[in-house]
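Chains as they are written, first to last, in this note's numbering: chain A, 1 to 387; chain B, 1 to 387; chain C, 1 to 387; chain D, 1 to 387.
Calculated from the structure, these hints are not laboratory results. Incorrect hints may have been included.
All copies of an identical chain are treated as equivalent in the list; a pair is satisfied when it fits inside any one copy or across any two copies.
Listed below are the simulated EDC-like cross-link pairs for lysine to aspartate or glutamate, each with C-alpha atoms no more than 16 Å apart in a straight line [claimed, not checked]:
no., residue 1, residue 2
1, Lys4, Glu51
2, Lys4, Glu33
3, Lys14, Asp29
4, Lys219, Glu380
5, Lys102, Glu78
Residue strings, one per chain:
There are 4 protein chains.
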Amino acid sequence: MNRKLRMGMIGGGKNAFIGAIHRIAANMDGLIELKAGAFSSDPEISKASGEMLFLHPDRTYPDYKTMLEAEANKPADEKLDFIAIVTPNHVHFEPAMLALEKGFHVAIDKPITFTLEEAKQLKAKVDATGLSLLLTHTYTGYPMVKQAKQMVKNGVFGKIRKVYVEYPQGWLSTFSEKDSKGAAWRTDPSRSGKAGCMGDIGTHAANLAEYISGLKIDKLCADLNIVVPGRALDDDGGVLLKFDNGASGVLIASQVAAGEENNLTIRVYGEKGGIEWHQMEPNTLLVKWLDKPTEIYRAGNGYGSLQSSFAIHNTRTPGGHPEGYLEAFGNLYRNFALTLQAKLKGETPAPEALDFPGAEDGVRGMAFIENVVKSGQSNEKWTKFEI
Amino acid sequence: MNRKLRMGMIGGGKNAFIGAIHRIAANMDGLIELKAGAFSSDPEISKASGEMLFLHPDRTYPDYKTMLEAEANKPADEKLDFIAIVTPNHVHFEPAMLALEKGFHVAIDKPITFTLEEAKQLKAKVDATGLSLLLTHTYTGYPMVKQAKQMVKNGVFGKIRKVYVEYPQGWLSTFSEKDSKGAAWRTDPSRSGKAGCMGDIGTHAANLAEYISGLKIDKLCADLNIVVPGRALDDDGGVLLKFDNGASGVLIASQVAAGEENNLTIRVYGEKGGIEWHQMEPNTLLVKWLDKPTEIYRAGNGYGSLQSSFAIHNTRTPGGHPEGYLEAFGNLYRNFALTLQAKLKGETPAPEALDFPGAEDGVRGMAFIENVVKSGQSNEKWTKFEI
Amino acid sequence: MNRKLRMGMIGGGKNAFIGAIHRIAANMDGLIELKAGAFSSDPEISKASGEMLFLHPDRTYPDYKTMLEAEANKPADEKLDFIAIVTPNHVHFEPAMLALEKGFHVAIDKPITFTLEEAKQLKAKVDATGLSLLLTHTYTGYPMVKQAKQMVKNGVFGKIRKVYVEYPQGWLSTFSEKDSKGAAWRTDPSRSGKAGCMGDIGTHAANLAEYISGLKIDKLCADLNIVVPGRALDDDGGVLLKFDNGASGVLIASQVAAGEENNLTIRVYGEKGGIEWHQMEPNTLLVKWLDKPTEIYRAGNGYGSLQSSFAIHNTRTPGGHPEGYLEAFGNLYRNFALTLQAKLKGETPAPEALDFPGAEDGVRGMAFIENVVKSGQSNEKWTKFEI
Amino acid sequence: MNRKLRMGMIGGGKNAFIGAIHRIAANMDGLIELKAGAFSSDPEISKASGEMLFLHPDRTYPDYKTMLEAEANKPADEKLDFIAIVTPNHVHFEPAMLALEKGFHVAIDKPITFTLEEAKQLKAKVDATGLSLLLTHTYTGYPMVKQAKQMVKNGVFGKIRKVYVEYPQGWLSTFSEKDSKGAAWRTDPSRSGKAGCMGDIGTHAANLAEYISGLKIDKLCADLNIVVPGRALDDDGGVLLKFDNGASGVLIASQVAAGEENNLTIRVYGEKGGIEWHQMEPNTLLVKWLDKPTEIYRAGNGYGSLQSSFAIHNTRTPGGHPEGYLEAFGNLYRNFALTLQAKLKGETPAPEALDFPGAEDGVRGMAFIENVVKSGQSNEKWTKFEI
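In isolation and in its complexed conformation, chain A is listed as follows:
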């Protein structure tokens, strides 16, 4: 019989943006309960956060090592099922490794680690333990992204030829590092890693492109820019792509496109047609054809059997009741939870449940950062995508 899964959280204290998002996503479907947390490197903030979240005081911990140790020793019907890690990039690897060692499944915000080497080690640990890892590449959780992927996979567009993916934001158009904690750590090499914009949002774009197209980036040619004076990491870039089937593509990411919000958009074209999807209006998927009118696929409709089971599985409401970013995020947690529940029962999870990003996506994301930075510094046109 199923039961609610017990979640512990590392990071995500009172004022942290992404921790609150993870909690909403985990709460939404009533499958997961937050039971413990080490919410901050500052024990006082951790304690206050636990109170705000109505946790039992005994399960609000001053640091993550204490939490993992204590929880690992609890009886089976109390102990945590998985650990959500929502700290800045440089504090992903160690708690994730320790959680896996202690036998917990792990959910982790992207990028998976600070370096590619760490990512490979972490993936090896996941493989060795047989535990599950969820990497929150949120945008693959949208139902119409699932629909797009399945249509491509089913070959309705023929061979894929072109992939355009772009991710313009404007929120770093001025030097706001002093006023904004989020701006500060994202542009600090010691906390964010080798890349700024390309790590923060370029990885989302690359992940989405590979997810929908079913292709792998094979080589790339990057132009990375620091547009705002005084900034230490790239805040903008354009990348030409070649995929493993010979298709070409263009990836754009910018955090200085003044006036843009979070305008992730992807277009994929095959021999017979293609798709266009805009994250800011996520319930609509444009499906284009060589010699038929463009079709507007909308989430929440079955269309006879045109809509994929993967799209339908990731939708909670009928057509015209818009779902958004939090539901896409919730889909990651829901599929992760369904997978863990199946494992608890010794069953094989459904393919739709298993379709969430994991350690392999994490390794490719870190490799994207390494390779795009390498290409940005190179005078050669093409840089081979190496892992």
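Position chains B, C and D relative to chain A; hints supplied.
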């Protein structure tokens, strides 16, 4: 100190659509916990639903009377704070009255009751007990609807002159009453009430029009139609409106607009400009002006101080991370919960928290149904809106 | 063998808006040449207008009677083929009758005349002479409007059930009659006729609704308003409609919807689906279905044989090269010219060429004005549409 | 005093697409009259084309040399004012040079010539003769493109940082060279030149980017592809750009983006905001700001004095009456004609009239082709833009 609020649910068993929506909305922000339920008039279904929802077996009840009786006798630190009623229209009034009598706050799906007379009695009971009632007119929970209301209220458009509100759906285009439980009860006068389409969605449109404009419908002229042969209640209608300030309007509602999903749209015009909002792309509010370019207000942005505190309060994510129907629904529950928490602490809730639909909206909604049906049967052009 | 058709113009002097539009429309396709004109009731303005338009001085006339007399006596290879009448509404009937009597075909701006009675007389004259009359209900000239009409006519949507047509403008939101000649005559009963907004744009909406749906308005229920203080004619209105097949509809027209430009929009729904078209983005037609994704038909594409010959005939450019209002207007003149050329050669014009609005549309337009004003003044809900 | 300008045409016979477009554009405003033509290298087709266009038989010529010779000897009040050259790319240079030598102004379809060297010679001839040359880079004729350019020029966005321009089409997705004359010559190096897609539409994108941004491309990094097997020239490409002020950009052009029509789109971002414009909905310009709502500028509105005189000058209709591709094309001819009329009168043309693309744009366009092809073949990342 705050604590999670304890919710009991009446109706909303395993296969019921709207019950699941209420639970997601209540779960989302971690302020409310489902603790008990009488989920179905069939005790077996109720029991199975409680298991599915991970409730303690002792708190899954065979019927609502048993639940309200049992819960009223629990100690203060266990007993339910409020009851969510998500049954069909004809089973709203009695459980709501009983819940209030037992001292529980009430959340109730719209329309509030089966008849106007019941609605007035229920409102009187709410007023007499001092308890809170939430009526889930979901669409007023969207942040850009809040923004629109506040802009109108602040007079930026001058006197309001025109209100166009429309709500086309297509899902009842064929006679699907045999296949769809939702279709069956909504078109059955013994369960739905005097009106079909006008009760189900026309009330939402009327509520939204009055909410944003700040005006009250004063008289109306309705053309109600049964378009699909064999149907017992209106599935379509158009209504001319006059408001209490002399403004005029048009309200359209249809469930036979083949190919439409849930396309609630409102436009309000004053002397100097106006607004346009589409429920299916709810994070955008078009603000129009006589002699300036139209502006695109987007949820999640502050725009200096242009964005109202009411809009900001009802947003969880930064601009470009779309929130949707479930978040709007969640805003109703969140504001209701914030209000109950303030009451528990003896504090006055913030104006933003208090801004959720209640018994007064319920009475006006039932009066809309009565008056629109009366007008539909009249040969006179105008029917006075009477309560 | 074909030749350029010779056009004379009545009205449309130097500063007149609509005369210039007619000339561009007539010029566009190289089938028509402006050869003569009586451009103003002021002979000096007429003369200056003729010079501006590079006319031979001998063919710029001080008044229309002189022009019609002189031109009727010219030899066949010089004399005008048709007369374009672009004066205010109250100066349509007499020149049109005289032109027909002198043997000229006539193009005339809408509304066709000042009263319904005149319209019926003019139609009788057209019928009696066998000459052609073009009434410039511009909006039926758009290719995607043609496509919509043909799809409805071919029965792809089944029986038509609903028609929503709306025409909001904002340009009369303030009392601008003193500053704007266009505002002044349109709101002056002695020049505009019985109706203001309903005559100026409501007639366009009604014409478009009947054109696409293939139905006739059978009865109506109108709410006409004078919103701006001091105005003499309606500047706003809403109308409930019943059509001759039992379908119902709603027509909205307003010139005080502040911030709107020229937002004519129509939606038509049948049993199986329907269409949506927006004049401000005229190259797109949304085609909706009960259980398939909405399709985006675009002008300039054939889509195998999905696109109607009527749409293709009225398009000059390939898909993605937007055509607009002037091309729609040009289509009226082009089809009129193709019809006249066929007549000159004793041939039967193609059905696509004959598909332009004429005297019958004019009579129905004037009847719409009469009936909508009558209904606006009535306390009865329904007014029978009488001609 | 003004008079109609007399146009002769080279190329553009009966079935040629672009010749018909030039004629509509020239006809539209009544400022230009087609008086002569050498419409085809086949004298029979030329003759038949002249008849179709109602030309005097004496002025339909068997070849362009005969025409230029004969027309040059006509008296001043008969002879042509300018020559429109609408032949394939490899037949631009010689007739243009000869026309200039004979004293005619020239309008010429883009790309200006077959090679960069020819373009430079032609520009030198234009400069030497003092005659005017119009190059029909159509897209700079749209009023909202003018508005965008003027806003950038006036500094309202601060320094420009990013330019994204893209031009996806799908019409060459299959090998259609045997069926389509347009496909055949565009992909034939002996008629089209060094580049296929980049010459046909990439040049438009580059021209638009430089026009709006006011910047010049300084270096570029191109990935050119032949996607459809058997094709001889690029049908797709992506280009990274650096501009002369240090700004970066991305240019995309493709003719194998299956399902796309003519989707030219540009976004330009400065320090404080930016613009977005879509050719397929050309009457709308999105103006984005760092901390204000995005504004929707629409053609045909003055907005007090917000709308530039350059936008207003290039608009024929009030807001909401869409103008399109043919009007943009017509604006080029209209401004060219106004410039020629001013020259005829010895006056200085208005800045708005002089704002049409000319020989300098032609040289830069040919240089773009040369440089983009060179970069496409290079292993170095950056290729300097050389003329």
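Checked hints:
1. Proximity of Lys4 and Glu51 under a CA criterion of 16 Å is satisfied inter-copy only: 11 Å between copies versus 21 Å inside one chain copy.
2. When the C-alpha separation of Lys4 and Glu33 is checked against a cutoff of 16 Å, the pair qualifies both within a copy, at 6 Å, and between copies, at 13 Å.
3. Within a single copy, Lys14 and Asp29 get their C-alpha atoms only as close as 23 Å, which misses the 16 Å cut-off; across copies the closest is 14 Å, which meets it.
4. For the identical chains of this complex, Lys219 and Glu380 are neighbours both inside a copy (12 Å) and across copies (15 Å), given an alpha-carbon limit of 16 Å.
5. In the homo-oligomer, the alpha carbons of Lys102 and Glu78 lie at most 16 Å apart inside one protomer (15 Å), although the nearest pairing across protomers, at 35 Å, exceeds that limit.
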